[in-house]
Amino acid sequence: MKTYENKKSMELRAGFGMGLLEAGQRNPDVVALTADVCGSVKINDFAKAFPERFVQCGIAEANMVGIAAGMSLCGKVPFLGGFAEFVTGRVYDQIRQVVCYSNKNVKVCGSHAGISLGEDGATHQTMEDIALMKALPNMTVLVPCDYNQAKAATLAAAEHVGPVYLRLGRSKMPNFTEEGAKFEIGKAQLLNEGKDVTLFACGHLVWEALEAAKALEAEGISAEVINIHTIKPLDVEAIVASARKTRAVVTCEEHLFNGGMGDSVAQALALHCPTPMEYVAVDDKFGESGTPDEMLTNYGLRAANIVEKAHAVLRRK
Amino acid sequence: MKSTKELQTIATQIRRDILRMTTAAKSGHPGGSLGTADWMTAMQFEIMKHDPEHFSMDGKGQDMLFVSQGHITPVIYSTMARRGYFPVSELNTFRKFGTRLQGHPSTEHGLPGIRMASGSLGQGLSVGIGAALGKKMTGDDTLVYTLHGDGEIQEGQIWEALMFAGAKHVDNLIATIDYNHQQIDGTTDQVMNLGDLKAKLEAFMWTVVVIENGNDMQQVLDGMAKAKALTGKGSPVAVILTTEMGYGVDFMQGTNKYHGAVVSADDLPKALAQLEETLGDF
Numbered sequence: 629m630k631t632y633e634n635k636k637s638m639e640l641r642a643g644f645g646m647g648l649l650e651a652g653q654r655n656p657d658v659v660a661l662t663a664d665v666c667g668s669v670k671i672n673d674f675a676k677a678f679p680e681r682f683v684q685c686g687i688a689e690a691n692m693v694g695i696a697a698g699m700s701l702c703g704k705v706p707f708l709g710g711f712a713e714f715v716t717g718r719v720y721d722q723i724r725q726v727v728c729y730s731n732k733n734v735k736v737c738g739s740h741a742g743i744s745l746g747e748d749g750a751t752h753q754t755m756e757d758i759a760l761m762k763a764l765p766n767m768t769v770l771v772p773c774d775y776n777q778a779k780a781a782t783l784a785a786a787e788h789v790g791p792v793y794l795r796l797g798r799s800k801m802p803n804f805t806e807e808g809a810k811f812e813i814g815k816a817q818l819l820n821e822g823k824d825v826t827l828f829a830c831g832h833l834v835w836e837a838l839e840a841a842k843a844l845e846a847e848g849i850s851a852e853v854i855n856i857h858t859i860k861p862l863d864v865e866a867i868v869a870s871a872r873k874t875r876a877v878v879t880c881e882e883h884l885f886n887g888g889m890g891d892s893v894a895q896a897l898a899l900h901c902p903t904p905m906e907y908v909a910v911d912d913k914f915g916e917s918g919t920p921d922e923m924l925t926n927y928g929l930r931a932a933n934i935v936e937k938a939h940a941v942l943r944r945k
Numbered sequence: 121m122k123s124t125k126e127l128q129t130i131a132t133q134i135r136r137d138i139l140r141m142t143t144a145a146k147s148g149h150p151g152g153s154l155g156t157a158d159w160m161t162a163m164q165f166e167i168m169k170h171d172p173e174h175f176s177m178d179g180k181g182q183d184m185l186f187v188s189q190g191h192i193t194p195v196i197y198s199t200m201a202r203r204g205y206f207p208v209s210e211l212n213t214f215r216k217f218g219t220r221l222q223g224h225p226s227t228e229h230g231l232p233g234i235r236m237a238s239g240s241l242g243q244g245l246s247v248g249i250g251a252a253l254g255k256k257m258t259g260d261d262t263l264v265y266t267l268h269g270d271g272e273i274q275e276g277q278i279w280e281a282l283m284f285a286g287a288k289h290v291d292n293l294i295a296t297i298d299y300n301h302q303q304i305d306g307t308t309d310q311v312m313n314l315g316d317l318k319a320k321l322e323a324f325m326w327t328v329v330v331i332e333n334g335n336d337m338q339q340v341l342d343g344m345a346k347a348k349a350l351t352g353k354g355s356p357v358a359v360i361l362t363t364e365m366g367y368g369v370d371f372m373q374g375t376n377k378y379h380g381a382v383v384s385a386d387d388l389p390k391a392l393a394q395l396e397e398t399l400g401d402f
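Protein chains in written order, with the working numbering: chain Z, 629 to 945; chain U, 121 to 402.
FYI, nobody ran anything at the bench for these hints, they're computed from the structure.
Hints may contain errors.
What the hints assert, rightly or not - Listed below are several chain U residues computed to face chain Z (Cβ distance under 7 Å; list not exhaustive): (1) THR227; (2) ALA281; (3) PHE284.
Note that the Cβ used here is the ideal one computed from N, Cα and C, for glycine as well.
Modelling step: build the complete structure from the supplied sequences, incorporating the hints.
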């Protein structure tokens, strides 16, 4: 079994900030916009390095989306950054009309996604954003799992031509993927080979899935861990191949059951390889205030919960 | 350069096109289209610097126009076709399955001249600002124009955009508001009184030009020339264009009835009789 080490817990949004800075250095057409949360979403390094390519929109997300779409017409590659809830749910129609339907090269970057945002509470903890964004034709949906991958995903988004939603968390989380590894959009990442059950995970829960695989290994259960960092386009081939092998699937995500990565996996399996499956996700409710640790634990998004669901699915095999 | 008389002649034909397109499609928005036909003709044929034969999405070196109230596609498509963006005969396909002439403007179907989907109201000014910023960043000194319905400015995003453009000195942008005082559910006064529009725009740090009669070609030409002359001076420019919904057909004027309803096939001859066929029907 391959082991992964948490080199140092870091914020995914910080990885995004570093990726954006590097993307800006590589490509003079990369521009950044924010709605009064420059520091919170880590656009400040870019803004400092390239003040003439940074647009402060004030607290007006809808306008920001339109401006980004307009700038893209002139060959710019706009990255707009804000809290995930306010750059997805709040501006859904704007993204639908002028980004996705008009198929513009705009990157929507949502920080503070998920329940691990913590103390701010449910108003700011979106767990619906993957569902919203993946429903839009032309949209690519990226959910990196750690700091290194957030940086790599940002660079990949800058090179990809077309609308992208990039989901990022606020809190410090284990950083365990290889620094500088290339991020391949649409290509599932096999982290651990196994034969009894497949754990498909995304975002912060990839680390939890790796921890779960270790615990299962100790019980003599061989768990395959696959990072679904691209929810759309989904790597159906990799998902089906793994499900055919293990015949038991658990999906793990910091999102609602409805419309999340798990539903994408379920759809792929229903069409190509019906397989017993369990979800580790939040079941149709809003979050609340608490520390990030408390939130993940109390909402059932820990390695122990994944182990429990693995047992459940193995009983159905 | 075309004379005022020539432009009036074109606008008359465009009004015929609008009526024939919408009646044939049995749907569409003739009222606002007729009201803005003079302005749109002036823009396409005289005011804007653009080259229909060399349309490019990035609009480099060309003025851009975003019609934010996308429902007035009849006038958008007719003026574009008459100006040479695509064959006039294609107006026959308006709103029909498989057409490039979608009910509301779309980039999905590859119609030259359209750079952004519109019609979900309130979004075009933001897009125009973005394009204007993009032009500044790329050293392109051409202009960005937007057009809005007066009812449309009830959308909150418009005020976000107005605040941005004023505060950030987006002075290569001219936003025109079709001030016809009508919207679907009644007059703008009945639905949502717009108050002192000029004062509001000025309070948002815009320079305002008022065209008292937007259905008088000479006034439109003079007003838009004045607006152009005011660009590049540190403020965005707004044009309040007073028009009459349904202008050009007596029974369509002074009412919001034809905002989103078409003239019946039976009534069409009565309407067309008031508009001379000047350039040949499509």
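Consistency of the hints with the structure:
1. For THR227(U), the interface hint holds, the least distance from its beta-carbon to any beta-carbon of chain Z being 5 Å, beneath 7 Å.
2. For ALA281(U), the interface hint holds, since its Cβ comes within 7 Å of a Cβ in chain Z; the closest pair sits about 5 Å apart.
3. Taking 7 Å as the C-beta contact cut-off toward chain Z, the hint placing PHE284(U) at the interface holds, the least distance being around 6 Å.
Hint compliance for this structure: every hint is met.
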